[in-house]
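Use the sequences and the hints to build the structure in full.
From first to last, the protein sequence lines are chains A and B. Using the working numbering, you'd call the opening residue of the first sequence number 54 and step up by one each time. Using the working numbering, you'd call the opening residue of the second sequence number 52 and step up by one each time.
Simulated from the structure, these hints should not be mistaken for laboratory data. Just so you know, even glycine gets a beta-carbon here, dropped at the ideal spot from N, CA and C. Some clues are possibly wrong.
Label pairs and their in silico Cβ distance ranges [claimed, not checked]:
id, chain 1, residue 1, chain 2, residue 2, range
1, A, Leu158, B, Glu158, 33 to 41 Å
2, A, Ala136, B, Thr327, 52 to 60 Å
3, A, Gly368, B, Asn462, 27 to 35 Å
Which residues of chain A face chain B? A partial, calculated answer using Cβ under 10 Å [what the hints assert, rightly or not]:
id, residue
4, Gln73
5, Phe94
6, Leu148
7, Pro156
8, Glu183
9, Lys237
10, Arg304
11, Ala310
12, Leu483
From chain A, some residues computed to sit far from chain B (all C-beta separations above 10 Å) [unchecked claim]:
id, residue
13, Ile108
14, Arg268
15, Asp345
16, Leu348
17, Asn369
18, Met424
19, Thr443
20, Asp447
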Amino acid sequence: MEHRFYREAFEQVRQWLLAQIDEGEHFSIAFDAEHSHFIRFNHGRVRQASQVQQINLTLRLIQGDRHASQTLSLTGYPSHDVAQVGAALQQLRSLLAVLPADPYLLLDLTAFTDERTGEGYLPDADALIEQLVTLSDGLDMVGLYAGGPIYRGFASSWGSHGWHVSVSASLDFSLYHANGEAVKITYSTSEWDAEVLAEHFARGRAQLLHLGKPRKTLVPGQYRVYLAPAAAGSLIGMLRGGFSARALATRRSALQALHLGSTELSPLFTLSERASTGLEPSFNGDGGLRHDVTLIDRGRLAGQLVSARSAREYGNEANGVDGSELPSSLVIEPGELATAEVLQALGTGLYISNLWYLNYSDVGTARVTGMTRFASFWVENGEIVAPIDTLRFDDSLYSILGPSLLALTRERSLRISTRTYQRRDAETVLLPGLLLDHLTFTL
Amino acid sequence: MLDALPSVSTLLARFVQRHAGAGRLHSLRYVQQDTMGLSVSRNIIDPPRLQHNAGVMLCVRINGNEAFAATSDLTERGLTQAFEQAQSLATAMGAHALLKLPSVQGEAMLARYASPGADLPLPDASVWLDILRVESARVPAHQQLVNWSAGLRVTDRHQLYLDSVGSEIHTHQRVFHPRLEVTAFDGRHSQRRSWSFSRQGGPELVRQSGFIGHIEQVADQALQLLAAPNTPSGERDVLLMPDQMILQIHESIGHPLEMDRILGDERNFAGTSFVTPDMFGSYQYGSPLLNVSFDPDITDEAASYGHDDEGSPAHKHLLIEGGVLKRPLGGALSQSRSGLPGVANSRACDWNRPPIDRMANLNLEPGDQDLAQMIGNIEHGILMATNRSWSIDQARNKFQFGCEWGQLIENGQLTKVVRNPNYRGISAQFWRKLSAVGDTSTFEVLGTPNCGKGEPNQSITVGHATPACVFQQIDVFGGQA
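Spelled out as structure tokens, the structure:
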């Protein structure tokens, strides 16, 4: 029922626009909607609960080589929305009248049709709250449940049509020990399973036992390190903007040295954008069909993310990313290290579950700084000894993913984004854990 | 875009009147944001982007349980549906709510706030594009200048807050965000230099701010940085200019003083704080030169307003006075939870997120030294300007920040330019090293549009006004050679 409402809202605006455009005009629309529950917990109880129903439409108007876009919110009812869309259309026509031709406009008028409707099962709010409060009994739980259907659509005057529905939820939460240490857990799914959730809580309870040990304070220096997938995901996240064809061409990419061929990463490291996997639609908001692209092949830069605009400007071939030129379905090839043998392989060093607040301290050398966070431990001779005081690292990705990279785990973890700025995100990264010879800690 | 505000206001007022008596509807907040984003990159106009975003957030309280429902369906049907959803959610919380909250009490507030010049019509996009094209064209032809852009974003934000006792608060903020950016590249390394701010006001702000013609200096400094040596490592006195001070204040005073962090709400995402409730009133946060205010009254600062998003009237308060911690950044709810005084800082980024404790205008009060005096008193130091890198631990204590521009200071004189200037420290110690505070001649009203926090996530505009400041014996370092 709800799926049909959003589909009709999209289709009726599309139909209405087809009748409105003048000769010599083209349009495209990107539709973005969700109906979400956000239930926030603190101390194992509900701190803040909200429900959000929102529809946004980005209308792009093209007249010859001139183009501009407007994003507007809709009600979902054509009787109300067409007036808003009509006003946006007029505003864009006025704007185009004062714009010069855009020399970098590359309009691919090849029409596509793509449709994917994923179903799922999510609990009602009262059942969910009851489950979580029960599982949190005796625990200091804090976090957020975010769930519900997400809708994305694309249509154009030249006949492209994409429709994508996913139903999913994530519970991103932490369990706190009385001493301030915590373990962080994310449960993301389309089929909510109370038993699986209970297993996550049970594992969290077990990890809390380790966190009760006295903290070990380490002095700054270099330590052998294992980065669990969540921590490795934060680090890999720093690479995301580096593959942009525009960032590389304008010398703002952190992967500039890789691009210039003056350095390489480890031959163990291969990274791809796999549009054919993940949870995002196969099409992007600019109307391109996303491609699979190998970005780093055994340590060497093998590809870039090229939008249509960059393709025209820099002479590359577009590969289906939108103007942001960011990946959304990254996959890292696994290694040979069994996850069960990680502590043995680490020997003596740091087991880091999560990293936090990463930023480039020197973009030109891909030097990144950030903090350890949540369950991170000092390990001696393959045994967890104690949680550590938070440490700041500052090291180059060319070192971390280069000579320092000793092994990747055989098993990989699918990390689904829990970002909810303005809308729920569906970006994914499939990745292993990383064993490093050393990481440099500074504070 | 259709001017929907008057008809929506009438619809919302009627809706609140109809449901106010039943004791369930607590408040309603309508937000409409219109944004124009224009930029010119290497003398070519980037595709313009316009935005019109509108929706409403309803808040209900049932048996002490508070719940919210937001919708972009601005029809009677949409409001009714959201009201039902919020009630259903409040009921679903049963006996499991962390807080039991009372119904609205007190008298109705009727108020209006508007940015200076906000009611004047904006010039057409073509006027702005001409300005941006002229700025872009000022960048000299130089083979090492490989990228540059001039941009402007203007946001008109209308908010209408209504509650069940009859309050009606209109807020109209118009925020300008001009920016300039130049990248220089020598075949191996690149350096980026930029300039930007966020402030409320009218179109004259763009000219008054020094935007016109400034890109030539930005380009020149990018080239200087490219040719400069790396910043040397070691302890030095650091002179932070206002466009770096705002980051320092934001990360290591603003966030740690947010009461919802101190109460643990943010432990899963944004983090906690090294500040604990018992510190207020006695903790020596910084040197006696440190005076920090929550000040919603500076008319052109980015987050000035009359009332926050829960309807609390906003007034100036000192949070840190003479270096001593006085009060947190906590709105009405946090004040009742903690028993501490606070400020009117319950804010939501948009109609689709509920309010939480946020920074608004968080300022460092001016001192008594001009720039020449501050430089003259430094024997071995460095001037740093314009933030480019920031990272701080989840308790807001161990930080590492980097700037675009560095210039060494030796024996009271500014000397050579250095690139990649970074410094690190610990908040609890850093502010005690504050040794000089610039006077009003060094004071700048700035701000940022991107402060992230909250679950679900919210990115909000905050204002920071500050003079330049000197900190003694700070751990400074550069990039890799």
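For this session: State, for the Cβ atoms of A:Gly368 and B:Asn462, whether the hinted interval 27 to 35 Å holds or is violated.
Result: For A:Gly368 and B:Asn462 the Cβ distance comes to about 53 Å; the hint is violated.
Exercise. Is the interface hint for A:Leu483 satisfied, with its Cβ closer than 10 Å to some Cβ of chain B?
Worked result: violated (23 Å)
Exercise. Per the CB criterion, is A:Lys237 less than 10 Å away from chain B?
Worked result: holds (7 Å)
Exercise. Checking the smallest CB distance to chain B, is A:Leu348 really beyond 10 Å?
Worked result: Given that every Cβ of chain B is farther than 10 Å from that of A:Leu348, nearest at about 21 Å, it holds.
Problem set entry | Restraint check, 10 Å cut-off on beta carbons, for A:Ala310 near chain B | holds (8 Å)
Exercise. Do the beta carbons of A:Ala136 and B:Thr327 sit within 52 to 60 Å of each other?
Worked result: holds (54 Å)
Problem set entry | B:Glu158 and A:Leu158 - C-beta distance against the hinted 33 to 41 Å | violated (57 Å)
Exercise. In terms of Cβ atoms, is chain B entirely out of 10 Å range of A:Met424?
Worked result: violated (5 Å)
Exercise. With a cut-off of 10 Å, does the beta carbon of A:Glu183 approach a beta carbon of chain B closely enough for the hint to hold?
Worked result: holds (8 Å)
Exercise. Hey, does A:Arg268 actually stay past 10 Å from chain B on C-beta?
Worked result: holds (14 Å)
Exercise. A:Thr443: least C-beta distance to chain B exceeds 10 Å?
Worked result: violated (5 Å)
Problem set entry | Supplied contact hint for A:Pro156, tested at 10 Å Cβ to chain B | holds (6 Å)
The structure fails hints 1, 3, 4, 12, 13, 18, 19, 20 (numbered hints given earlier, in ascending order).
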